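In the order they appear, the protein sequences are chains P and V.
So the first sequence is numbered by the working numbering: it starts at 1 and just counts up by one.
So the second sequence is numbered by the working numbering: it starts at 1 and just counts up by one.
It is worth saying that the hints were derived from the structure and are not from the lab.
Residues from chain P shown here face chain V by an in silico Cβ test under 7 Å; the list is partial:
id, residue
1, R45
2, A233
3, V234
4, D242
5, A244
6, L251
7, I296
8, E303
Dumping the calculated DSSO-like pairs for lysine-lysine here, alpha-carbon to alpha-carbon at most 30 Å:
id, chain 1, residue 1, chain 2, residue 2
9, V, K297, V, K250
10, P, K176, V, K401
11, P, K258, V, K297
12, P, K258, V, K401
13, V, K408, P, K248
Note that this is a predicted model, so its numbers are computed, not measured.
Beta carbons are placed, not taken as given, at the ideal position from N, Cα and C, and that holds for glycine.
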Amino acid sequence: MFDDSNIIVGLEIGTSKVCAVVGEQGVDGALNIIGVGQARSRGVRKGEIVDTAQAEEDVRNAIVEAEQMADAEIRSVFLGVTGGHIRGFNNRGVHPVVSADREISDDDVQDVIKNAKAINLPTENNVIHAVRQHFIVDGQDGVTNPVGMLGSRLEVDVHVVHGHTNRLQNAIRLVKGLQLQVEEIVSNGLATSLALLTNEQKELGALVIDIGGGTTDYVVYVGGVIKHTGVLAVGGDHVSNDLAYGLKVPLSRAEKLKLEHGAAVVEESIKGQTVTLTNELGLPLKTINIEHLRQIMSLRLEEIFQLIAQDLEHAGLYAYLRSGVYLTGGGARVPGLSTLAEPILQMPVSYGKTSSVSGLKSALDQPEFSTAIGLAKFGSFKARKNGGKSSLAHGLKSTITSFWRRS
Amino acid sequence: MNTESDPQPTPSEGTNRPVVKIFGVGNAGVDLLDRFDRTEFAGADFVAINTDASSLANSTATVKIHLETKLMRGLGTGGDPERGRALAEEHFSTLKSACAGANVVLIVAGLGGGAGSGIAPVLAKAVKDSGALALAFVTLPFGCEGNRRLNQAQAGLEQLKAVADGVVYLSNQKAFKLIDENTSVLETFRITGSLISESVCGVWRLLTRPGLIQIHFDDLCSLLRDRHSESAFAFVEAAGPARSRETVEKLLAHPLLDDGRALGEADALLISIMGGKDLTMAEINRVMEQINRHCEKAVVIMGAAIDPEMKNRLSITLIAARNSGPKSTGSEKTETEEAAANRLAGPRTHQRSVTPANPGAGEHRDILAGRHGSRGGRRPTAKMLQTQLPLAIVSKGRFDKSEPTIYKGEDLDIPTYIRRGVPLN
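Bound conformation, chain P alone (with noise of 0.2 Å):
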């Protein structure tokens, strides 16, 4: 449309905190973060929408301090969503291809993602991503384009994502009321994946793991393509109310208490170490036992991993996992965490660091901003599929207008 027309922002509406981040695609289509804007969240719990004023003057913030930042108008988001309710799963579409000379064209390719869509979910839930893993092309696997080719039947594997429309629609209004057009919407899981994910990482076969504030999401990439994606509502907001609970102390001590002195490991040296709260006076409220502190937050991390680990395990992806496992999130600056995370998933853990983006690099390097990063890439790769600017503008509203007909 004008000038910023190649603004791409990536909106996530997280637990702790509000982010935006502004990307700008240069001509050969490479994403260049300009601008990030952040707001501490206060009407999010487990990543949905409580509190809509709340939230809402949150994103307000949150936009216009990345406006400022980046000096360019914000028009439209790529929102992120997660929340308890949004599943993954693994389906099959099957097409027989009919013309006489057996060749694939590309209707039939069309036609068979169709019918990998079609998939019979409750009334009330809706698919966010239909994301395409392989062709089978009369049973040979492993097809990734089969146009052109001879076969009589195709079957296509897609990824398919899913949730529950009412809530998917919380987020969309509250944007879409502050006057922004929302682009699309993409599970967090998949954005972070995106962000921090090299292309031979997905080929050998890799685990992202975002602890955020209210939820875990992790996004399993076998053989290139998205094998599995998941969410735990349980994210560092619970790692909190287990120390308020356990220590005896009031919330927000319980963060700060978590953020100056937690870890995930418990070490023999800090055993019978305490520390003594003071009230504004600087006497002496309360002594806290570090270990205990510890043992509580270390318990509950390490739970995190296992239910993840079961999930990967039921899902028979154990043994595929060749790049290994990936954190990020803002639980992923707790100190010792790839220590504890090794031994229950088997595998080397690192930290994950925001890949071929260019741009900002004190945002680039913060594992709290992946996600939103990750937003920002999703939008170019969709930008840049449309073929550039004028089909952007146009094919702007085509996602949210048939998610809107849906429902």
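Fit chain V to the given chain P structure using the hints.
Then chain V, alone, in the frame of chain P:
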């Protein structure tokens, strides 16, 4: 305690020593009592209580109380604690009068059978009613004696804990660590017997020997009360020039302290060091330094005493108590600290009788009785109480009003450590 109508027994004038009576209850208790070294316990009254006449006939105790009704036909309780309890309650006044005049009553019993498990709790109640302190030293059966006896012993122990001021128990199973393949049965029982007698003896000495650094009744009581669920006991002795080092080494290797681990886990310790006239301050210091290093978290109450007969020898009596229920931690700590503070407050008045425990103790005990005593209906105090079901309500804090995160039937909003039952000691 002092609220009882009975006149408060006062320690015999001048010596400032409390009057101690030692009760052996049941076959095992009477047997253990006979093993005690009488010269060591000069001045103590020995009382044997049993339902079995033949056991009493062989006993050397000064006072023998035979509990009997026609129903039993002289055959004892037949291993049923209910009968033991019924008998003891029938003869409650006899038991009470037997305790009269004592400041401290030490109850020695073997739990698991009918008499020990049944009578001991009632006896402890009688002791309390007569205004004395009740400390129980009990053995729990060997694992091979079967579930019934173990369960009975457990029930007996619970009841005893609810009533007595302190319970030190020795699981016979632990004695396995002390014996080898070739140890005879007789020898094994002699060992467990001597362990109990050592612990009784240790407490006896604490209470009766003139102390340089005195340990008072109330120190002992505050240490044991409500912690006894996990108490461990050890007595070691060594002689010679390197005795202070040797005793600590022995203590740390003591099987009843789990090779010293119990020290690290204890949250209260009572240590009594006893030596001859040649006991030096440096030795006390050396011993305490080492022990303190192993239990930095614990409240340590220390006493030292001189026994002119202990030439060249040094003995340490140690009671390590651990609080197993997190419930009472707070009150417990303050209680002990209070005692410690009292001690530090300066020279104590010599007119010291049995100090009342904190006023709430009686009430607390009754609540305990109401909770633990499965057959508590017989105790009038327990009958009145409306006890609360132990349904822990875990508040979910900030997730109280949000949709619960249920994963495979588990509510993940509840702290993990609570769901897994990990204790924060």
